[in-house]
Amino acid sequence: MPSSWLIAILAILLPVVAFYSMTVGTVSISMAEAFSAAADSLFSSGDTVSQAQVILFDIRLPRILLALLVGAILASTGAVMQGLFRNPLADPSLIGVSGGASVGASLMIVLAGGAVESGLLMGLSLVALGAFVGGFAATILVYRLATSGIGTSVTTMLLAGIAIGALAGALNSLLSYFADNDMLRQISLWQMGNLSAANWAKVSIMALVSLLLFISFPQDSRALNALLLGESEARHLGIDVQRVKRRLIVLTALGVGVSVALAGMVGFVGLVIPHVIRLLIGPDHRWLIPGSAMAGAILLVVADSLARVVVLPAELPTGILTALLGAPFFIVLLLQQRREV
Amino acid sequence: MKNLRNSLGLIVLLAAVFCSLSLAAEISVEDDFGNTVVLEQPAQRIISLAPNITEVLFHIGAGEQIVGADEYSNYPEQAKQIMRVNNHAAANYELILSLQPDVVIAWQSGNGDKIINRIRQLGIPIFVIETRSLEDIPNLFARFGALSGHVENAELKAQSFSLRLSLLREQNSAKSEVRTFYQIWDEPLITLNGKHMVSSVIELCGGRNIFADAIPLVPYVNIESIVAADPQVIIAGGSKEEKPYWFDSWRKWEQISAVRDRHVYLIPADLMQRHSVRILDGAELMCDFFERARQE
Chain A
0 MPSSWLIAIL
10 AILLPVVAFY
20 SMTVGTVSIS
30 MAEAFSAAAD
40 SLFSSGDTVS
50 QAQVILFDIR
60 LPRILLALLV
70 GAILASTGAV
80 MQGLFRNPLA
90 DPSLIGVSGG
100 ASVGASLMIV
110 LAGGAVESGL
120 LMGLSLVALG
130 AFVGGFAATI
140 LVYRLATSGI
150 GTSVTTMLLA
160 GIAIGALAGA
170 LNSLLSYFAD
180 NDMLRQISLW
190 QMGNLSAANW
200 AKVSIMALVS
210 LLLFISFPQD
220 SRALNALLLG
230 ESEARHLGID
240 VQRVKRRLIV
250 LTALGVGVSV
260 ALAGMVGFVG
270 LVIPHVIRLL
280 IGPDHRWLIP
290 GSAMAGAILL
300 VVADSLARVV
310 VLPAELPTGI
320 LTALLGAPFF
330 IVLLLQQRRE
340 V
Chain B
0 MKNLRNSLGL
10 IVLLAAVFCS
20 LSLAAEISVE
30 DDFGNTVVLE
40 QPAQRIISLA
50 PNITEVLFHI
60 GAGEQIVGAD
70 EYSNYPEQAK
80 QIMRVNNHAA
90 ANYELILSLQ
100 PDVVIAWQSG
110 NGDKIINRIR
120 QLGIPIFVIE
130 TRSLEDIPNL
140 FARFGALSGH
150 VENAELKAQS
160 FSLRLSLLRE
170 QNSAKSEVRT
180 FYQIWDEPLI
190 TLNGKHMVSS
200 VIELCGGRNI
210 FADAIPLVPY
220 VNIESIVAAD
230 PQVIIAGGSK
240 EEKPYWFDSW
250 RKWEQISAVR
260 DRHVYLIPAD
270 LMQRHSVRIL
280 DGAELMCDFF
290 ERARQE
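Those protein sequence lines, which keep their order, are chains A and B.
Residue 171 in numbering that gives the first Met the number 0 sits at position 172 of the first sequence, and the numbers go up by one each step.
Residue 158 in numbering that gives the first Met the number 0 sits at position 159 of the second sequence, and the numbers go up by one each step.
Hints in this document: simulated from the structure, not taken from any laboratory.
Some hints here could point you the wrong way.
Looking from chain A toward chain B, a few residues come up when the C-beta cut is under 10 Å (computed) [claimed, not checked]: (1) Ser3; (2) Ile58; (3) Arg62; (4) Glu314.
Stretches of chain A that chain B covers, calculated by requiring three or more beta carbons in the stretch to come under 8 Å of a beta carbon on chain B [to be verified]: (5) 24 to 35; (6) 190 to 202; (7) 307 to 313.
So these bits of chain B aren't anywhere near chain A, every CB distance computed over 12 Å [stated by the list, open to error]: (8) Glu63; (9) Ile81; (10) Leu188.
All C-beta atoms, glycine included, are put in the ideal place defined by N, C-alpha and C.
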């Protein structure tokens with residue numbers, strides 16, 4: 000499939016899916032009602048806010064936007080990591096960011112105790128802040144471990160990531176062991192990830208970070224393409240490999256750190272979406288990164304819409320559905336590819 | 000020949016009478032899974048694996064006989080001094096054996112098969128409970144009384160529990176229904192469905208759990224479902240005595256009747272989610288909150 004086609008299809012599909020998702024939820028609101036409520040809130044200045052307006056604009060819209068942005072960031076950073084490490088199993092967690100984030104969050108929950116509960120910073124909890132700092136710190140540690148006078152070794156970084164991940168897992172278990180009942184629940188629920196707590200503050204922060212990432216990534220697409228040939232080849236093509244690595248790692252840590260801090264862990268998207276897009280249009284990062292971003296956004300919006308309605312009036316954790324929807328699709332693609340070879 | 004058969008029959012009969020006499024000296028109590036625990040005399044050394052069990056034992060006067068308890072047994076105050084033998088994840092089997100208990104009392108859905116079967120394998124008598132309704136609680140008192148040798152006191156406590164329970168039911172059964180949201184967590188929002196005992200307390204007070212029909216016992220819900228169901232009362236079950244930090248986050252949802260009319264209340268989880276005598280204290284609080292909401 001030509002790359003531009005796929006990008007065009009995804010670019011049309013994404014807003015359609017997002018709009019349709021506005022009509023999905025416990026309360027049935029039709030497309031027409033949604034539009035009239037939208038018109039009401041835009042053009043009438045009345046103080047009365049209808050139930051439909053509250054549901055659409057205070058509950059559903061921030062949640063859909065958060066899902067969209069988180070999905071886009073996870074999938075695109077996944078594509079970047081796989082390119083940078085030239086490893087098909089690479090995903091954002093590889094550089095230690097998710098492990099570090101969960102330790103940061105657990106540490107905040109256990110040590111800060113009561114302070115966590117009252118401390119709100121721009122609509123963000125201290126736990127989210129702890130997660131972000133933890134994620135970033137772990138990434139820096141992994142990066143430092145792998146960097147020597149001659150540059151950053153990709154292999155060492157992979158191994159350091161695994162080591163830091165294991166360490167983070169152990170620290171997390173240790174913290175849960177010493178946590179009381181309430182903290183334990185808070186830790187385990189935090190790790191499950193959840194989009195239901197979306198609000199406009201979270202969406203704004205996420206949007207700022209996404210903007211930064213999606214402005215920066217295109218500059219490095221060619222460098223990533225050159226890196227596919229190998230590091231020394233890329234260097235001979237005149238690319239400052241060390242600079243590109245550092246930039247991309249910092250951007251990924253930032254994007255994933257913020258999304259984990261705001262929405263918890265959402266697995267699968269970062270690992271598999273880039274593969275799906277690569278199977279469809281090939282490994283050119285100029286198309287792969289935006290394609291992955293849009294596909295990741297679509298997958299997470301669809302999965303989260305389903306999560307809201309499949310067990311009405313309750314809801315399912317979104318992470319279950321991303322894998323349940325995405326994995327079979329990925330398997331079909333793999334089978335097709337095998338037949339072609 | 001006929002005589003012989005008759006006298007044989009007589010011997011069998013006598014033997015049966017004799018046996019049942021000697022058995023009467025033993026204590027034999029059936030647990031909630033049909034397993035009979037037989038003790039030669041009332042248990043003097045009891046291990047309780049769950050806080051609700053500890054509370055009931057203290058209530059019927061057997062608190063002194065508890066030699067080991069789980070980490071969460073925090074009521075009454077003396078319960079905190081008991082040696083800790085298990086938590087949510089694991090039990091210290093060596094410690095349990097070394098305490099030489101006459102009987103271990105476990106709670107099926109709290110302790111799970113892994114711990115219960117291991118203790119059974121070790122040859123320690125284990126009595127497993129699974130309390131499903133408020134009406135089961137007086138019977139629990141009676142059986143614990145039999146196990147621990149506090150039969151009379153337990154019987155008295157059982158009667159007074161039943162009396163308080165039927166009084167509450169009488170007072171509230173004819174009253175108008177109150178739509179209720181019972182919250183156990185805020186991010187994500189978590190509640191309990193109709194099969195949980197908290198729902199029977201809600202019904203006891205003439206309320207209706209808005210998520211009674213949800214499929215999971217402990218459903219995750221979203222704010223939209225709550226806005227749609229429009230509860231008249233929101234009960235937050237914090238694990239501490241004071242308000243949970245998320246108590247105030249309801250303020251931004253003025254569309255919900257309970258929030259608009261200020262009927263968001265706290266009932267400490269220990270009073271609601273433990274199947275012991277204190278659940279009636281929780282029930283009385285809840286009935287009172289419903290009454291306030293009915294005044295609107």
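Violated hints, by number in ascending order, as checked against the structure: 1 and 10
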